[in-house]
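Undergrad: If you want the building blocks of each chain, they are given just below.
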Amino acid sequence: MGVRFEDLTVGAAPAKLTIGPVSRTDIVRYQGASGDMNPVHHDEPFAQGAGFAAPLGVGMYPAGVMHAWLAGWVGPEHVRRCRTRWRAAYFPGDTLSFEGRVTALTATDGGGECEIEATCTNQAGAVTMQGWLTARWGEPGL
Amino acid sequence: MVDRRADGLVGEAFELDVERGKVREFARSVHAADRAFYEGDRPIAPPTFLTTAFHWELDVDGAAIWERVAMSHERGMHAEQEYVFHGPPPAAGDGLIARSRIESMYEKEGRRGGALTFVVMVTEYRNAGGELVAEARMTGVETAKPPTEEG
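Keeping their order, the protein sequence lines are chains A and B. Each residue of the first sequence is one higher than the last, beginning at 26 in the numbering used here. Each residue of the second sequence is one higher than the last, beginning at 19 in the numbering used here.
No lab work stands behind these hints: they were computed from the structure. Quick caveat: nothing in here was measured; it's all calculated off a predicted structure. Hints may contain errors.
[As the list claims (entries may be wrong)] Where chain B lies over chain A, by a calculated footprint (3+ residues, C-beta under 8 Å): (1) 52-60; (2) 117-123.
[Stated by the list, open to error] A few chain B residues that face chain A, going by a derived Cβ cut-off under 10 Å, partial list only: (3) HIS73; (4) MET95; (5) LYS126; (6) ARG129; (7) GLY132; (8) PHE136; (9) ASN145; (10) GLY148.
Just so it is clear, CB atoms sit at the ideal spot from N, CA and C, and this is done for glycine as well.
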């Protein structure tokens, strides 16, 4: 069970989440689960041949972490939209921190809608990813 | 190098069965803590779960149309990804029928010069009754130079 719509305020935030240091195993496990086996994320010679010092992390992994974390806060059944924009690469060994806050609330008949903005920041303080999630309460049938 | 002929392409339909074990595997891989992703006969799928379409579309000739875009593995990047749900997100036990289309291709000048080519692919997910239940919108970008050199 997530938060109740009536308990939310603009600026309200879920408890910050930190993961890492991200391991190769984390990345390989995510790639296997998702089915995206792009070798640039786990194959050292391939990544170096593509101009990277090491395999770079797969972007959908922290995107999945961010939106599952936000979904847990609002209640997964309330999620109606999630969006991710990548700003910079991350690499194994990085520690990633997720922060979010409510930016807009709209009350509707018997419920409401909530807009959340979130960021993913590495240990150097650089934003590697931005995310947005929309949650809705009180639709017919819920 | 992006193949402009892929613009407007519509793929073949493919099935995506939302399975309990797959929901659990995916939830664990993104460190999802909420028990709704793990418990009950029909656990709910995490918000980005439909990315597992990779496991389904590759078995249907003409479904995985992103390959036809021919974006470079070395210079191609995932720029944005969006999922829209027309109701609660999918849950284990749901049988979905999906179809992808290349929605647009456009160019922009990069911050350090050199053209960036953006490609947007939309995948629609319908239930057995044909109702639109979810949409995935993926934006890929190909740089003229390796992405590490792009500010």
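Undergrad: All hints, please: hold or fail.
TA: To see whether the hints hold, each was checked on the structure:
no., hint, verdict
1, 52-60, "holds (count 6)"
2, 117-123, "violated (count 0)"
3, HIS73, "4 Å, holds"
4, MET95, "7 Å, holds"
5, LYS126, "14 Å, violated"
6, ARG129, "12 Å, violated"
7, GLY132, "14 Å, violated"
8, PHE136, "12 Å, violated"
9, ASN145, "14 Å, violated"
10, GLY148, "18 Å, violated"
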